[in-house]
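These protein sequence lines map, in sequence, to chains A and B.
Mapping the first sequence onto our numbering, position 287 (from 1) lands on 287, and the numbers just tick up by one.
Mapping the second sequence onto our numbering, position 57 (from 1) lands on 1057, and the numbers just tick up by one.
FYI, nobody ran anything at the bench for these hints, they're computed from the structure.
The beta-carbon is built from N, C-alpha and C at its ideal position, and this holds for glycine as well.
One thing to keep in mind: the hints can contain errors.
What the hints assert, rightly or not - Here are the simulated DSBU-like pairs of lysine-lysine, each with C-alpha atoms no more than 35 Å apart in a straight line:
id : chain 1 : residue 1 : chain 2 : residue 2
1  : A       : Lys35     : B       : Lys1002
2  : A       : Lys23     : B       : Lys1058
3  : B       : Lys1118   : B       : Lys1093
4  : A       : Lys114    : B       : Lys1058
5  : B       : Lys1093   : A       : Lys85
6  : A       : Lys245    : B       : Lys1008
7  : B       : Lys1008   : B       : Lys1073
8  : B       : Lys1118   : A       : Lys85
What the hints assert, rightly or not - Simulated restraints on C-beta separations:
id : chain 1 : residue 1 : chain 2 : residue 2 : range
9  : A       : Pro412    : B       : Glu1022   : 51 to 61 Å
10 : A       : Arg248    : B       : Ala1053   : 40 to 50 Å
11 : A       : Leu257    : B       : Pro1082   : 42 to 52 Å
12 : B       : Pro1082   : A       : Ser420    : 48 to 58 Å
13 : A       : Glu80     : B       : Glu1072   : 33 to 43 Å
As the list claims (entries may be wrong) - Calculated Cβ distances over 10 Å to all of chain B for the following chain A residues:
id : residue
14 : Ala6
15 : Leu98
16 : Arg297
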Amino acid sequence: MQHIRAHVLVCGGTGCMSAGSGKVIENFKTEIEKKGLSDEVMVVETGCHGFCEHGPLVIVYPEGTFYCRVTPEDVKDIVETHLYKGRIVERLLYHEPLSLEAVPSYKDIGFYKKQERRVLANCGRINPEAIEEYIALGGYEGLAKALTTMTTDEVVEEVKKSGLRGRGGAGFPTGLKWSFAKAAVNEKKYLICNADEGDPGAFMDRSVLEGDPHKVLEGMAIAAYAIGSDEGYIYVRAEYPLAIKRLRVAIAQAEKLGFLGENIFGTGFNFNLHIKEGAGAFVCGEETALMASIEGRRGMPRPRPPFPAVAGLWGKPTNINNVETFANVPLILQKGADWYCTCGTEKSRGTKVFALTGKINNTGLAEVPMGITMREIIYDIGGGVINGKKFKAVQIGGPSGGCLPESMLDLPVDYDSLISAGAMMGSGGLVVMDEDTCMVDVAKFFLNFTQSESCGKCTPCREGTKRMLEILTRITEGNGHDGDIELLEDMAVNIKDSALCGLGQTAPNPVLSTLKHFRHEYEAHIYEKRCPAHACEKLASYTITDACKGCGICAKVCPVKAIAGDPKRKHVIDPIVCIKCGACMAACPFKAIVKG
Amino acid sequence: MKSLEDLKVLREKLQADIRVRENDGTKIIIGMGTCGIAAGAREVMTAVLDELAVRKLKNVQVQQTGCIGMCEKEVLLDVVRPGEPRITYGNVKPTDVKRIIADHVINGHIIEDLVIGKMDGGEI
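The shape of chain A in the complex, shown without the other chains:
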């Protein structure tokens, strides 16, 4: 056997896989073989690095060279130039969007500089299907420490002291939640990991499960010990096949080495884990609906109390936490609550993973310390708005969250300041919107999502969101009338107060927050019948300017023959016939057609 001198880490997350990293890995293996380097270079498939925009990503160690958008054809070059001769393949390096400078090393890239990668520390750094690599980086030490040196009370106290709050959305203190389940008296208790990630654009839980599944298993085992549970479920959506596969591999490996199963660390503590695949209903992320689904019933919420800590799964005391919450737990036990508190704000400790999407240069996953400003996330990490357009708003917290305007960009990102600004942390989706986005349309989009995901059990959510959506639709189509805004506000407040579960109670948030910060856009739609962002097709009007040369191409492509004019003379559009399809604007070779 020879000394392995280089590791080639290829991202095998869902993002990079769909961009072709499977073939890249295959090519690396054959090219390395061809060059006779098989004994000295190792190819490792890792989890997600978060920089999905630039995938497939390849990192070559020991140098730590970061290659992006690597195609299967590029592999030969990397093997010959880098692995054989030791020279960096410049053209595949990441180039900073503003300075256009090439950045050879992972840690120097702007996207990563302001991040504090704790939960995601191993994602992209280890092979998620090798428990050995997780252990090599300190894995399962938190569990060992908890089980062999701490009482269950001490574990709960440590988590309370860390200030960890639920990362799934509401931000309930995790230690406190555990103490409720711990206090429940019953010989059978259950522990559930909520991996039913469903917010549009959010994929941090998937990335953790795919990139570092053992961290979640370890966090769950610690929680189970703390509350006195011997059986757990991971409720993960079936749309996450890779995450499910890696979880199954991880559970089998952990059982083999004795981190799960019977008599863990010889302490007599038993913990067995099952995976339950969810069918993808958004409402199943609500804890009582989720438990109904595990029990094989239709996924619908029920009124609380009784809370799950008293009567949960199959009527037994149950504790539910989200994936990212569990992934924080091993760190707290391994390094201590005091270390954990070195990061974040007084009431929101630690880090949060955000999924950056929308009109932003660096889409991907970023883990940042709590208390960082939205401006830093969007401009320093996200690289700013695409095509140099003007920033308009950021939608945070998914369908339950709200939109924040530019004036609130310097707001520190933590649970409480987001709530007071009319948004919420949610699971951490961040959708950036530029000047071309219509805020009424955004509210309609999110309400449309919650409306179609409403389970229909309670009237306020089932009927109320439907009526609100109808009003929003007619506003964007130019049929809004006086009183619509007031009616929306009235309904929103009533639905929030009366809906049965979190889905309905938060569904009006996108409407309320856009009304709060962008009321003028609603008014323009209703009273002036125009969309200030020119995004609502039904309110758009197309006109031909003097740049028209009279070529007649627009008249030919118009499907309703709304354009007329003599050859070589300026043409005109009949606004009554025009269906606002935009075909003429796309076809005009002289850019003489404008939308207004």
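Dock chain B against chain A, hints included.
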């Protein structure tokens, strides 16, 4: 697995296998320019890798670099121990490798008769 100690022992053992991903430890850098390769850099490198494997020195990093302009002295091989100057050896033959690793890499004794240059600040 019965205790925290058992886990730590296992961790130490496993850590060595992913040591390449940490940028620390002693580095051996081999000149792999066209001149270096022509002078037998691949053979030197293979000898280095073999010797490291025999001695189970998993914390030693092997890197390559391009031509630095002293083509007549190829094969060039540099050793950088943490906190020590970068030492460049010239005209290295595969047969010299055992000596470089035993004396310099492990014990820190520079082999003066092969040295052609020293440079402070080992960071590359």
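Hint check:
1. A:Lys35 - B:Lys1002: violated, 44 Å
2. A:Lys23 - B:Lys1058: Holds: A:Lys23 and B:Lys1058 sit about 30 Å apart, inside 35 Å.
3. B:Lys1118 - B:Lys1093: holds, 19 Å
4. A:Lys114 - B:Lys1058: holds, 32 Å
5. B:Lys1093 - A:Lys85: holds, 18 Å
6. A:Lys245 - B:Lys1008: With Cα atoms ~28 Å apart, A:Lys245 and B:Lys1008 stay inside 35 Å; holds.
7. B:Lys1008 - B:Lys1073: With Cα atoms ~46 Å apart, B:Lys1008 and B:Lys1073 exceed 35 Å; violated.
8. B:Lys1118 - A:Lys85: Distance ~23 Å between B:Lys1118 and A:Lys85 Cα, so the pair holds.
9. A:Pro412 - B:Glu1022: 51 to 61 Å: Given about 34 Å between the Cβ atoms, the range is violated.
10. A:Arg248 - B:Ala1053: 40 to 50 Å: violated, 34 Å
11. A:Leu257 - B:Pro1082: 42 to 52 Å: violated, 33 Å
12. B:Pro1082 - A:Ser420: 48 to 58 Å: holds, 50 Å
13. A:Glu80 - B:Glu1072: 33 to 43 Å: Given range 33 to 43 Å: violated, Cβ gap about 25 Å.
14. Ala6: Per Cβ check, A:Ala6 is inside 10 Å of chain B; nearest 7 Å; violated.
15. Leu98: holds, 27 Å
16. Arg297: Holds, because the least Cβ-Cβ distance between A:Arg297 and chain B comes to about 38 Å, which exceeds 10 Å.
Checked against the numbered hints given earlier, the structure breaks hints 1, 7, 9, 10, 11, 13 and 14 and satisfies all the rest.
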